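J.: Just so you know, the protein sequences line up as chains A and B, in that order. Under the numbering used here, the first residue of the first sequence is numbered 1, with each subsequent residue one higher. Under the numbering used here, the first residue of the second sequence is numbered 1, with each subsequent residue one higher.
Hints listed in this document are in silico derivations from the structure and should not be mistaken for laboratory results. Source: prediction; values computed, not measured. Take the hints with a grain of salt, since some may be wrong.
To be verified - Within a straight-line C-alpha distance of at most 25 Å, the following computed SDA-like cross-link-like pairs (lysine to any residue) qualify:
| # | chain 1 | residue 1 | chain 2 | residue 2 |
| --- | --- | --- | --- | --- |
| 1 | B | K475 | A | A112 |
| 2 | B | K475 | A | N20 |
| 3 | A | K75 | B | P22 |
| 4 | B | K475 | A | F78 |
| 5 | B | K475 | A | L12 |
| 6 | A | K75 | A | E59 |
| 7 | A | K75 | B | R23 |
| 8 | A | K33 | A | V197 |
| 9 | A | K125 | B | M493 |
| 10 | A | K75 | B | R487 |
| 11 | B | K475 | A | K33 |
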Amino acid sequence: MFGIENLRKTFLAPGGVIVNAVDGISIGIETGKLVTLLGPSGCGKTTTLRCLAGLERPEAGRIVIADETVCDTDKGIFVSPSDRGIGMVFQSYAIWPHMTVFENVAFPLRVARDRKYSSAEIRDKVGRALDMVRMSGFESRPATQLSGGQQQRLAFARGLVREPQILLLDEPLSNLDAKLREQMRVELKRLQKRLGVTTVYVTHDQSEALALSDEIAVFNAGKIIQRGTPQDIYRHPKSQFVADFIGSANFLAGTVKDVNATDHVALVDTQHGLFRCSVGQSIAAGQPVLVSARPEDFVLYDKAPGEGLNVLAGKIAHRVFLGEVVDYLVDTGHGEIRVRAKPEFDFAVGQTVSVGVAPQKCVALPA
Amino acid sequence: MSLAQARLGTRSALAHAAWLRPRNLALAICVVIAGWLVFVPLAALLYTAFTEDTGFGPGPASLQNFVEAYSSWHIVRLFGNSAIFAAGTALLTLLMGALVAWVVERTDAPGGPLFHSLALLSFAIPGLLTAMAWIFVLSPNIGWVNALLKSAFGLQDAPLSIYTMGGMIWALSSHYFPLAYLTLGPALRVLDVRMEEAALVSGARYWQVMPKITLPLLRPAILSTLLLLFMLGMSSYEVPRLIGRPARIEVFTTDIQAATNNAPPEFGLASALSFTLLCICVIAVFFYRRSTRNAEAFATITGKGYMPTRIKLGRWRWLVAMAIGLLFAISLGLPLLTLVWQSFYRNLAQPFLGSTSTASLENYQFILHYPIFLNAVKTSVLLATMAATLVVLLTFVMAWIALRAVPRSGWVLDSLAFTPIAIPHVIIGAAVLFAYLMLPIPVYNTIWILLIAYVTLYLPYGMRFISSGLVQIHKELEESAEVSGARARQVFMRILLPLLLPVLLAAWIYVFVLAVRELAASVFLVGPGTHVLGTISLTMWEEGGSYGAVSALGVIQILPLVFIVAGLRWLELRVQRRSEAAAAKAQAG
């Protein structure tokens with residue numbers, strides 16, 4: 001059992017303002033899964049992770065790691081970070097510059113208190129950890145003579161070497177360049193699945209979260225505002241914030257005309273015409289809503305498309321060629337719609353077009 | 001799922017109450033120690049100043065001391081002399097320092113690293129010995145340059161005299177200008193060249209860029225350097241004592257010391273004068289802090305990866321380098337050479353002029369068998385060792401607490417540790433004397449009272465070295481050790497200490513060198529058995545030791561200090577090169 005209950009942490013910001021960095025967060029984490037805490041900077045995700053590690057003391061809350069209560073403010077329990085049996089990878093990697101690669105990885109074993117490791121055992125375990133991150137052969141290299149990607153892998157080996165109960169990752173890929181980041185993302189996912197280690201991953205990068213996670217918890221202003229699988233979060237955002245933060249979305253303001261409760265389908269009256277959308281449970285007729293639809297779900301037609309789609313008419317106002325895709329801004333007369341299309345069907349600026357989007361790809365969110 | 005069902009592990013510990021946590025206790029202890037060191041002497045000084053001087057310690061509250069200090073015309077002369085001396089020194093020093101900084105940082109003249117090393121080496125030379133050496137060079141009676149000029153031009157009187165206000169300003173400036181270079185250099189180096197280039201592409205000529213862009217951008221740096229130098233001039237003691245006193249040019253520092261040395265000692269008068277000088281310094285520090293704060297608003301440092309455009313001097317570059325070399329030769333080389341030369345002769349000797357047949361090592365033999373000197377060496381080295389160790393230990397703990405453990409309250413420790421920088425050594429010497437004469441702590445006339453003063457004096461230096469070193473060690477390096485399972489002690493011994501060792505070593509050596517050179521506070525605190533190198537040299541000079549013996553005494557002090565500072569510079573360069581190489585390698589990898 002892993003989890004956090006009613007976690008609260010405040011900071012004193014400059015000027016004496018009290019900031020609720022973490023404002024009553026609860027989250028259960030299934031053993032062996034990778035859970036991502038996703039949110040913009042300052043949303044409380046890193047503070048939550050640091051509370052899990054024991055690097056911050058929460059004002060209130062309970063934290064359980066591997067069936068053991070490591071923090072309970074009601075009972076006055078606080079287990080120091082060195083006793084929590086965790087592995088952690090920091091944003092800066094925090095590779096100790098005065099040690100070799102081997103010594104960096106061996107450190108957690110050398111300071112271990114639950115048992116004493118013989119030097120043969122240490123050599124064996126360090127060797128396996130380095131092998132896991134494909135860093136064998138670097139043992140005697142001074143840690144300062146590693147590239148960013150190598151430092152990052154070394155940090156993983158160090159975090160994993162004593163087979164931690166839980167692996168905490170604080171934006172571990174954010175300091176790598178784009179290409180390397182994508183490659184490391186795949187490696188990381190594979191490694192985590194293979195080892196089956198329970199992992200909490202903090203990031204502000206939504207594509208990273210979508211690619212890696214079993215479950216995503218979206219943070220904003222110290223609170224978790226939505227939890228779910230990557231598909232769930234992407235397809236069924238429950239608020240404008242989530243729809244906007246994960247991927248990008250067009251928002252069309254409107255009013256609900258009619259709701260079909262059994263199918264979760266609603267008819268929304270927008271400036272661009274009537275839209276059929278899927279809705280959550282709390283939406284009722286007469287309510288003002290925002291219809292959210294992703295740019296890649298729109299399709300451009302040079303003549304009116306067939307039945308079954310929500311259709312808008314407009315003119316191409318702007319075109320950006322990005323290689324794999326082309327981004328268009330379509331002026332509908334009531335505003336601009338972002339559309340992402342395949343480059344095979346090219347449209348020119350000024351051309352009159354129809355824009356279609358399937359009803360199941362539109363979500364009505366409370367405005 | 002309810003987390004409440006989770007078991008309490010065997011490793012679960014009850015959390016301490018907030019104030020009982022070790023780091024908060026450590027903070028409290030540091031505040032008490034540093035607060036004691038800084039505020040007890042100041043309190044004693046104020047108490048002495050604002051009470052009646054009975055001759056047997058302070059009496060009832062009164063302003064009698066200030067009446068005494070301010071009721072004669074002497075105070076006007078004191079203000080005038082001190083202000084002219086400090087302002088003159090600040091201006092001349094700035095001019096010389098800025099010239100060196102500009103040539104080294106903004107032109108392609110060769111010799112930059114050499115000049116930088118020379119500037120650092122000048123720190124090793126005690127101020128007392130520079131003053132002495134300038135007397136050998138420029139005194140109307142015994143100065144060899146005067147003798148040379150007299151015979152060359154057939155003059156009756158000496159054309160130059162060190163015993164004037166101008167002479168005092170020159171003697172101090174020649175010693176302090178490397179400091180002005182060292183503070184202005186970085187400002188010139190990081191000045192974003194793009195701002196100058198923007199002016200150039202806007203159509204300005206280079207000679208227009210200088211007054212319209214470069215100088216205004218540097219104004220905060222220049223202003224803060226001027227204020228710093230003014231403060232140093234106000235606090236300086238060695239030059240006023242050796243040159244100003246015989247010339248009857250009294251300033252605050254010498255008058256304060258003289259008052260405590262009168263028979264009977266006038267502690268009340270001394271503390272009233274100290275209070276006045278302290279106010280001047282506090283005002284200067286206030287403006288200094290304000291000007292450095294404004295400096296940040298100018299934000300000329302915009303990151304790495306740019307090279308300042310250096311002015312191409314063409315065939316002038318060697319000439320310019322030689323001019324700077326000449327400046328160093330005249331201001332540092334000339335007095336040092338004179339001192340060394342004199343140390344080989346019993347009687348007055350003129351470098352390169354007289355015959356070398358009477359040269360001998362007699363003076364050195366005398367000094368090295370002179371028991372008072374040997375005792376002073378022992379006392380000075382012991383004191384400097386203890387002071388450096390205590391300062392480094394104390395400021396290490398203080399810096400760590402201020403930056404890491406309780407960053408919210410860290411500013412308290414920071415300001416405490418930096419307070420002594422605003423207080424002239426003379427005042428600290430006097431204040432520590434007053435404090436421990438009043439307190440029932442028997443340190444008077446022992447080396448412990450000197451140690452207390454030294455630790456107070458050098459707290460700011462230790463703090464600056466170590467906190468800037470600690471800032472460069474990313475907090476996550478310690479945190480990752482902690483989550484790896486290391487106890488606080490292991491984090492300290494295996495991570496923090498090895499990483500910070502070069503900085504600690506540098507801070508230790510720096511404080512050691514400063515403490516060995518110390519004179520201004522020591523003159524108040526030495527007793528019959530506790531003379532230090534500075535006071536023994538002063539006594540020997542004023543009580544008529546032979547010129548040769550005094551010079552030998554000086555050379556013996558300078559040599560080891562020069563070696564230590566050179567070693568420090570070497571260490572610094574090595575660390576710098578290693579980290580640069582590592583960064584470059586990682587970048588390439």
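J.: Now tell me if each hint is right for this structure.
T.: To see whether the hints hold, each was checked on the structure:
1. For the proposed pair K475 of chain B and A112 of chain A, the alpha carbon gap of about 21 Å is at most 25 Å, so the pair holds.
2. Proximity of K475 of chain B to N20 of chain A is assessed by CA-CA distance (about 23 Å); at most 25 Å being required, the pair is judged to hold.
3. Using a Cα cut-off of 25 Å, the hinted pair K75 of chain A and P22 of chain B holds, with the two alpha carbons roughly 21 Å apart.
4. For the hint pairing K475 of chain B with F78 of chain A, the CA-to-CA distance comes to about 21 Å; that is within 25 Å, so the pair holds.
5. This hinted pair checks out: K475 of chain B and L12 of chain A have alpha carbons roughly 19 Å apart, not beyond 25 Å.
6. With a CA separation close to 12 Å, the supplied pair K75 of chain A and E59 of chain A stays within the 25 Å bound.
7. About 22 Å separates the Cα atoms of K75 of chain A and R23 of chain B, which keeps this hinted pair within 25 Å; it holds.
8. Between the alpha carbons of K33 of chain A and V197 of chain A the distance comes to roughly 7 Å, so the proposed pair stays at or under 25 Å and holds.
9. The straight-line distance between the Cα atoms of K125 of chain A and M493 of chain B is roughly 24 Å, inside the 25 Å bound, and the hint therefore holds.
10. Between K75 of chain A and R487 of chain B, the direct Cα distance comes to roughly 24 Å. Compliance with the 25 Å bound is thereby established for this hinted pair.
11. A distance of roughly 29 Å separates the Cα atoms of K475 of chain B and K33 of chain A; the hinted pair therefore is violated under the 25 Å criterion.
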